[in-house]
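Chemist: Going down the list, the sequences are from chains A and B. Just so we're aligned: 174 in the working numbering is position 174 of the first sequence, and the numbers increase by one with no gaps anywhere. Just so we're aligned: 1095 in the working numbering is position 95 of the second sequence, and the numbers increase by one with no gaps anywhere.
Possibly wrong hints are sitting among the right ones.
[Said to hold, decoys possible] Covered stretches of chain A, as calculated for chain B (at least 3 residues, CB under 8 Å):
1. 53 to 67
2. 73 to 80
3. 355 to 366
Think of the hints as simulated: they come from the structure by calculation, not from any bench. Just so you know, even glycine gets a beta-carbon here, dropped at the ideal spot from N, CA and C.
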Amino acid sequence: MITAQPRHLRRRYDVVVVGGGPAGLEAAVAAQNAGAAQVLVVDREPEAGGILQQCIHTGFGLHRFGAELTGPEYAQRLVAQALVQGVDIVADACVLDVDEQRRVKLMTTASGIATVDAGAVVLAMGARERTRAAARIPGTRPAGIFTAGLAQRLVNLYGLMPGRRAAILGSGDIGLIMARRLVLEGVEVAGVFELMPHANGLNRNIVQCLHDFAIPLYLSTTVVEIHGRERLEKVTVAPVDSTLQPQLAQAWEVPCDTLLLSIGLIPENELSEQLRLRIDPATRGPVVASTMECSRDGVFACGNVVHIHDLVDFVSAEAMLAGTCAGRFATAAPAPADNVRLLSGENVRYCVPHTISTEREHTVYLRTLRPLESCELRLVEAEGNVLYTKRLRYVFPAEMVTLKLRPAILQKFHGGTLRVDLVPRAFPEQGDAAEPSFPLSAPDKRPGGEP
Amino acid sequence: MTAHTTHYLCIGCPLGCRLEVEEEEGGQAEVEVRGFSCRRGRDYALQEHRAPQRMVTTTVAIDHALWPRLPVRSQQPVPRQLVPEICRALRSVHVVAPVMLGDVLVENVLGCGVAIVAARDMAAC
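The following block holds chain A by itself, in its conformation from the complex (with noise of 0.2 Å):
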């Protein structure tokens, strides 16, 4: 691909964007569009189109391209689409600081330290994996454990295999792909191991990474010690009982010498923190206006740096709103104020944006807390009126709930705190909210017979 670098750098960047993955190329060219002349993407990879460019895999793009890609190809015509409209991208950087007045600090490979100027900046740092110090899993240190995702480059940027016989720590979609990915290269896969009583990726991955190849799938079940001394040896995993707690009496060993790691990416907000920007607990990255606007002015944050997406089509469509407003912060007059703030209530990890306007349209992003299978999203005042209400066939952790929010719908709102609450429907009283009635993976039943 043709990443062509600028021979200079400017002194001051109409907008300035941290991270040339999907969210900060998009942003960069939905920035431009909106008036933004000069505006710079500063990548610390040697090639702009972050982790598409390791997910080789197809499914990608049926929003945002009305096609089904790989990542690689998604990548490339985000990165076609930037020096077409003359963003410039600076490659094997880092940016090292963003101060109160908008000025970068950024170390290129190229050409050393320099600051640039910027009208206005926005954060698509992107995520990190979860690791073995987050998850607590006691035992040895040995060579052998990996994050999934960076099995993930090892096998598919430069060709080398993590292992012989792996196991897999959590179903996220990284690492069902990832157990497909090591059968097609001849590594053996003992199991997938979730500690939750449902699966945490896609139901396409568990029938066509797991059921494809028999890879067996273990719900409450986890790693309760790692075995070895120079290499791994073994793992130990053990049923959980209700409460998550390991069940050590029947607990058995897995011969293996790789375990992956999918348990979880953790938005990556040093920058945010230096910057010291308001973050949300419940999602660890910054705390977003409806234009995508941190809690200081000018700098604006999409992708993953704010919050865990599904789908990279939804990181398109929400770097676009950043760089547009972005791009105008910088240009022209800044969007109007918000004047409503969202809570999450019930069921309700957390709502993306955090403040919306009754003034104009909005796409807000929430998140449950355990699975539901008929429910109704409610949009509730202060005073406890519901304002709104939405029919829901079932909701999943994994999957995260859209709310296209018209003006029509807050026409009679003035402005004030509003509840999101996802209420359950059809079983009020039913004991075990986490426990769908529908089992989510059945590895004991596959189709057909081979692969």
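Chain A is already provided as a structure; the job is to place chain B on it using the hints.
Modeler: Structure of chain B alone, referenced to chain A:
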């Protein structure tokens, strides 16, 4: 005649319906699909039962490029049972940069009528 039931998990939406396809042994077209809650689910069960198809995505070795591996894909889906064999066959493919997205690397992989193409540009360096 005995009936034979096969189970599938629908991938159409997060509901994940449990699909069952019942087939008379030795029977030709007579199958019964159960467990779906929409038309797409029914169609999916029949497709999976009769001729499951998958897209192939893997990498091949590439020289003189930014990375040592080039992502590739099948231009169309292939019969599911061919996927592992196709991936094995592609391990011996070796290309040299530059490569452009969509370049045909293997014209008719394993004679199944589907081409393997590059999934990105990779410049020579």
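Chemist: Can the stretch 73 to 80 of chain A be counted as covered by chain B under the rule of three residues or more with Cβ-Cβ separation shorter than 8 Å?
Modeler: holds (count 3)
Chemist: Can you tell me if the stretch 355 to 366 of chain A counts as covered by chain B, using C-beta to C-beta distances under 8 Å and a minimum of three residues?
Modeler: Violated: only 0 residues of the stretch 355 to 366 of chain A have a Cβ under 8 Å from chain B.
Chemist: Test coverage of the stretch 53 to 67 of chain A by chain B using CB-CB distances below 8 Å; three residues minimum.
Modeler: Result for this restraint: holds, n = 4.
Hint compliance for this structure: hint 3 alone is broken.
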